[in-house]
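Letter by letter, the chains look like this.
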Amino acid sequence: MPDRQTLYNPAVSINNVDVKFTPGSITYDEGFGEAKVRTRSGGGGVADTVYSRDLETAFSMFKFSVRTTKDQVELARLWLSLENANTITMTDSDDDGNELFSRTFTYMAIINKPVVNVNPDGDVEIEFHGDPVK
Amino acid sequence: MQKIEFDFKLDTPINYHKGGSEEECKMLLLRAPSYKNRKTTIKLKQNFMRALKSLEGSDADQKKKTKQSNENPFTAEAIIAALFMSDVDLNDILDDFEILLTHGCCFIPPEVQLIGQHYNQISENDLTRLLGEYIENFLVPSWMTQLMNK
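In order, the protein sequences belong to chains A and B. Counted the way this note's numbering counts, the first sequence spans residues 1 to 134. Counted the way this note's numbering counts, the second sequence spans residues 1 to 150.
These are calculated hints, taken from the structure and not from any lab test. You may find that some hints are simply not true.
[As the list claims (entries may be wrong)] Not close to chain A: a few residues of chain B, all C-beta gaps over 10 Å, as computed:
1. Ile4
2. Phe6
3. Lys9
4. Asp11
5. Asn37
6. Lys45
7. Arg50
8. Leu55
9. Glu56
10. Pro73
11. Phe84
12. Ile108
13. Ile115
14. Gly116
[What the hints assert, rightly or not] Below, computed lysine-lysine pairings styled on PhoX-like, alpha-carbon distance capped at 25 Å:
15. A:Lys20 - B:Lys43
16. A:Lys113 - A:Lys20
17. B:Lys9 - B:Lys45
18. A:Lys20 - B:Lys53
19. A:Lys134 - A:Lys36
20. A:Lys20 - A:Lys63
21. A:Lys134 - B:Lys43
22. B:Lys26 - B:Lys39
23. A:Lys63 - B:Lys3
24. B:Lys18 - B:Lys53
25. B:Lys45 - B:Lys3
26. A:Lys36 - A:Lys70
27. A:Lys134 - B:Lys18
28. A:Lys134 - A:Lys63
29. A:Lys36 - A:Lys113
30. A:Lys70 - B:Lys36
31. B:Lys26 - B:Lys9
Think of the CB as a built atom: it goes at the ideal place given N, C-alpha and C, for glycine as much as any other residue.
Bound conformation, chain A alone (with noise of 0.2 Å):
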């Protein structure tokens, strides 16, 4: 199949549960980290670079939204206490079931305050960092 859609229904789990997610809310990092690109001089004109990688910043992100549900709340509050042993997959699949595109994120930990709005159009924000994806 020619790769003509973006990623814009993908399936999430964690922790081998399915999380039900606000559509078009994902964002993630996999924790490549910061690179620095810095040049040095040869003398005579001569210029090359070097390469670094910022290790302090090399965890991988993953954010998304929840409805205020009773269910997704409660998930919410158990991501929360168990601290950074959370997992999570999100894979895309054709129609036909074909597995298109898979990531895992592992060791992740909810960093935000998951703020509850109790309104019919109340979201909850959840932001893990974890890992770097392997």
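Chain B: place on chain A using the hints.
Okay, now just chain B, sitting in the frame of chain A:
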């Protein structure tokens, strides 16, 4: 008495979440369907019976042999062979089977309910064997085996 659960060894392991990491699962625990699974089990049973019906006559000799030897005619291998040879759409059967497995009938031991993401990782060979064994253990009614041996 019918079994209420059995273990199934996967030839190709699948991954699942455990304590923050991802681990390999090489064994599944299958449980007998309950009344709440009836819509799916009835469809599976009907499709299985249709498959047998569509093969009627073509396996008369085999039936005769089985009858004489008093063997169980509904082994997992025989069930899968019957389904593949019949006019019944195996994709429909596998769709129903997925619903059954992800609704309280299949676990990663001891108690992790199989979900869609696990199911999609099961290899085709494992899935076919699993379907045969599940039908053999839980969906072929015991009266049917007795009837075949009469």
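How the hints compare with the structure:
With 10 Å as the threshold on Cβ separation, the claim that isoleucine 4 of chain B sits away from chain A holds: the shortest Cβ distance comes to roughly 23 Å. In this structure phenylalanine 6 of chain B is separated from chain A by more than 10 Å, as the shortest Cβ-Cβ distance comes to about 21 Å. With a least beta-carbon separation of about 20 Å from chain A, lysine 9 of chain B lies farther than 10 Å from that chain, consistent with its non-interface assignment. Aspartate 11 of chain B, annotated as away from the interface, keeps every beta carbon of chain A farther than 10 Å; the closest lies near 19 Å.
The beta carbon of asparagine 37 of chain B is kept farther than 10 Å from every beta carbon of chain A, the shortest such distance being approximately 18 Å. Lysine 45 of chain B, annotated as away from the interface, keeps every beta carbon of chain A farther than 10 Å; the closest lies near 24 Å. Separation of arginine 50 of chain B from chain A is adequate, the least Cβ-Cβ distance of about 24 Å exceeding the 10 Å criterion. Every CB of chain A is more than 10 Å from the CB of leucine 55 of chain B (nearest about 28 Å), matching its label as outside the interface.
Every CB of chain A is more than 10 Å from the CB of glutamate 56 of chain B (nearest about 32 Å), matching its label as outside the interface. Its beta-carbon lying about 32 Å from the closest one in chain A, proline 73 of chain B satisfies the requirement of being farther than 10 Å from that chain. No beta-carbon of chain A is positioned within 10 Å of the beta-carbon of phenylalanine 84 of chain B; the least distance is around 20 Å. A beta-carbon of chain A is positioned within 10 Å of the beta-carbon of isoleucine 108 of chain B; the least distance is around 7 Å.
Listed as outside the interface, isoleucine 115 of chain B is inconsistent with that label: its C-beta sits roughly 5 Å from the nearest C-beta of chain A, within the 10 Å cut-off. Annotated as non-interface, glycine 116 of chain B brings its C-beta within 10 Å of a C-beta of chain A; the closest such distance is 7 Å. Restraint check for lysine 20 of chain A and lysine 43 of chain B: the C-alpha separation of about 28 Å exceeds 25 Å, so the hint is violated. The suggested pairing of lysine 113 of chain A with lysine 20 of chain A holds, with an alpha-carbon distance near 20 Å, which does not exceed 25 Å.
Between lysine 9 of chain B and lysine 45 of chain B, the direct Cα distance comes to roughly 24 Å. Compliance with the 25 Å bound is thereby established for this hinted pair. Of the supplied pair hints, the one linking lysine 20 of chain A and lysine 53 of chain B is violated, its CA atoms being roughly 42 Å apart against a limit of 25 Å. Proximity of lysine 134 of chain A to lysine 36 of chain A is assessed by CA-CA distance (about 21 Å); at most 25 Å being required, the pair is judged to hold. Distance restraint check for lysine 20 of chain A and lysine 63 of chain A: the Cα-Cα separation of roughly 13 Å lies within the 25 Å cut-off, and the hinted pair is therefore satisfied.
A C-alpha spacing of about 42 Å is found between lysine 134 of chain A and lysine 43 of chain B, which places the hinted pair above 25 Å, so the restraint is violated. Annotation: proposed proximity of lysine 26 of chain B to lysine 39 of chain B is violated, straight-line Cα distance about 29 Å (limit 25 Å). The hinted pair formed by lysine 63 of chain A and lysine 3 of chain B fails the criterion: a straight-line CA distance of about 44 Å is larger than 25 Å. Under the criterion of a C-alpha separation no larger than 25 Å, the hint pairing lysine 18 of chain B with lysine 53 of chain B is inconsistent with the structure, at around 45 Å.
Simply put, lysine 45 of chain B and lysine 3 of chain B have alpha-carbon atoms about 17 Å apart, close enough for the 25 Å limit, and the pair holds. Restraint check for lysine 36 of chain A and lysine 70 of chain A: not satisfied, since their Cα atoms lie roughly 45 Å apart, outside the 25 Å limit. Between lysine 134 of chain A and lysine 18 of chain B, the direct Cα distance comes to roughly 16 Å. Compliance with the 25 Å bound is thereby established for this hinted pair. For the given pair, lysine 134 of chain A sits about 18 Å from lysine 63 of chain A by alpha-carbon distance, which is consistent with the 25 Å threshold.
Of the pairs offered as hints, the one joining lysine 36 of chain A and lysine 113 of chain A is violated, with about 31 Å between alpha carbons and a cut-off of 25 Å exceeded. Simply put, lysine 70 of chain A and lysine 36 of chain B have alpha-carbon atoms about 24 Å apart, close enough for the 25 Å limit, and the pair holds. For the suggested pair lysine 26 of chain B and lysine 9 of chain B, the alpha carbons sit about 6 Å apart, so the restraint of at most 25 Å is met.
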